[in-house]
Amino acid sequence: MAELQLTDIHKSFGGFEVIKGVSLEVKSGEFMVFVGPSGCGKSTLLRLIAGLEDITAGTLSFDGQVVNGLAPSKRGIAMVFQSYALYPHMTVYDNMAFGMQLAKSNPQAIKARVESAAELLQITPYLKRLPKQLSGGQRQRVAIGRAIVRDPKVFLFDEPLSNLDAALRVATRLEIAKLHHSMNNVTMIYVTHDQVEAMTLADRICVLRDGLIEQVGTPLELYESPQSIFVAGFIGSPKMNFLNGQIAAGYGAGTVGIRSEHIEIGAGEGAWTGKVIHSENLGSDSYVYVDIGTGEPVIVREDGTRKHQPDDPISIRPMQGQVHRFDAAGKPMGRH
Amino acid sequence: MAWTYTKKAAFYLLVIVIVVESVFPFYYAILTSFKSGTSLFEVNYWPTMVSWDNYAAVFQNGSFPQNLLNSVIIATLTVALALLFAVTAAYALSRVRFRGRSLLLLTILSVSMFPQIAVLAGLFEVIRTFGLFNTIWGLIFSYTIFTLPFTVWVLTTFMRDLPLEIEEAAIVDGATPWIIITRVFMPLMWPALVTTGLLAFIAAWNEFLFALTFTSSNSTRTVPVAIALLSGASQFEIPWGTIMAASVIVTVPLVVLVLIFQRKIISGLTAGGVKG
Chain A
5 MAELQLTDIH
15 KSFGGFEVIK
25 GVSLEVKSGE
35 FMVFVGPSGC
45 GKSTLLRLIA
55 GLEDITAGTL
65 SFDGQVVNGL
75 APSKRGIAMV
85 FQSYALYPHM
95 TVYDNMAFGM
105 QLAKSNPQAI
115 KARVESAAEL
125 LQITPYLKRL
135 PKQLSGGQRQ
145 RVAIGRAIVR
155 DPKVFLFDEP
165 LSNLDAALRV
175 ATRLEIAKLH
185 HSMNNVTMIY
195 VTHDQVEAMT
205 LADRICVLRD
215 GLIEQVGTPL
225 ELYESPQSIF
235 VAGFIGSPKM
245 NFLNGQIAAG
255 YGAGTVGIRS
265 EHIEIGAGEG
275 AWTGKVIHSE
285 NLGSDSYVYV
295 DIGTGEPVIV
305 REDGTRKHQP
315 DDPISIRPMQ
325 GQVHRFDAAG
335 KPMGRH
Chain B
4 MAWTYTKKAA
14 FYLLVIVIVV
24 ESVFPFYYAI
34 LTSFKSGTSL
44 FEVNYWPTMV
54 SWDNYAAVFQ
64 NGSFPQNLLN
74 SVIIATLTVA
84 LALLFAVTAA
94 YALSRVRFRG
104 RSLLLLTILS
114 VSMFPQIAVL
124 AGLFEVIRTF
134 GLFNTIWGLI
144 FSYTIFTLPF
154 TVWVLTTFMR
164 DLPLEIEEAA
174 IVDGATPWII
184 ITRVFMPLMW
194 PALVTTGLLA
204 FIAAWNEFLF
214 ALTFTSSNST
224 RTVPVAIALL
234 SGASQFEIPW
244 GTIMAASVIV
254 TVPLVVLVLI
264 FQRKIISGLT
274 AGGVKG
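First to last, the protein sequences are chains A and B. Heads up: take any position in the first sequence, counting from 1, add 4, and you land on our numbering. Heads up: take any position in the second sequence, counting from 1, add 3, and you land on our numbering.
For reference, chain A alone in the conformation it holds in the complex:
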């Protein structure tokens, strides 16, 4: 349980500035997700919070206490790494107990803590095994277990699911969400490049781009009122459709963005005509790629499984009030 305060954090590697002034407040007990494209600095920011990298400028404080110079083990954090980073020569039990052993805790307390963490994650049967005898999903649980045993105030996750296959990723995502609810008021910071993970797990999302924060907000805020074209394009799947030129000018904007689920098929007032390029049928819904003469195809989501042939003529129209308008600088101008 801790409140984090980042104030104007900078980080440079040599002459290259990676984090260019980030100020952020993470509330106690909150699940905060850092999301952004590769190279945006999200992992670096997490490592700065962990203390694995030195902060070049700015202050980082936990519960009002500045921790810039504090060693990682003294900050009350625990970290789960992308590659699990288990100690290959130690059993699952020793992996989880290592931190407490180094802190010279009493053996009974270690045993109790490891066993209750193992119980929580359902890895009790594997305590005597070596990491190489476990599957990827089990290893990731051990890594999470090792973090729990440290009884941290702040959990840090560095893309913990990217090494798992798709099915396991969904299951583990669910477990992390459950873990957050079951552990009272533990602050979690989670780094991912996958916006679906961000949307499903986060209390609040922090979208980063080129070492700067683009927007911080709840998943719905980001989805409904993105504060820039970048955030609008990054959040939501498939990507939001952006239209420039004539069509945008018609709305009095530099660029307009409409999500695929906010476009209907059918003629009517303000409809655009074009032809089908391709359609993807996912069973419950389908995505139709429509060329309306704007370069990039417009993606339209449609319920059901209606069949569209390529080159079929089609009319589409945006729903009322769902057109995001952006000015030439990429800033929002409200919806239409």
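These are calculated hints, taken from the structure and not from any lab test.
Here are some chain A residues pointing at chain B (derived, C-beta under 8 Å): (1) Ala54; (2) Leu56; (3) Pro76; (4) Ser77; (5) Met83; (6) Phe85; (7) Ser87; (8) Ala89; (9) Tyr91; (10) Pro92.
Note that the Cβ used here is the ideal one computed from N, Cα and C, for glycine as well.
Given chain A's structure and the hints, the job is docking chain B onto it.
Relative to the frame of chain A, chain B by itself:
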């Protein structure tokens, strides 16, 4: 079909040639060490007699047991020191970012290219100044110097391949660099440690030039020098039997060590080629 057999035959013929070429000198040494008297000068390829006289003579030759003990102590301590320094240096060279790191690493590598004879005079002065002349410490000191470039280089390359995240996990767990080295890295590096340690041991065990130069009395000599200085009853007799017996005695420990650690050596030499 015939061609396959010919190929196979040629292959095994080649294997036999290589094995004979490498094993025969040692085999002949063993053979000779069991002969005595004038039969030493008869050429036989199979054992004709088994006499332990030569072995008895070696151990009765005043200082040989002492020389053997010296060799064991010197080689063991050299390995221990070299590994201690090399592991800690390898950690710094592979994991700590500092200016001039690769230059330092290249310097270490180039040092290992100096021929022994080139530094002999200078090293002699150093050893005399430290008062280490004619002590086993002088030899341990010089062998450690000569072993370190190789051990540092191998362990650095090996350690560089260990995953960074494991080290970071240990840092988060509150491990100091010393704990990371001893409790996290060393268990993962056993193959490399055994390989380099054994090669260092062999080098120290067989070394001749320094051992000859830095010692002057029988009680501080190591086995290779002692063997070379074995003398017969008269100035004109070379005691082949005893020399061969002594050579067999000093070779056996190495053979045993290599056999024990064989698997580790192989995995150590191929380490880094395949991701673990």
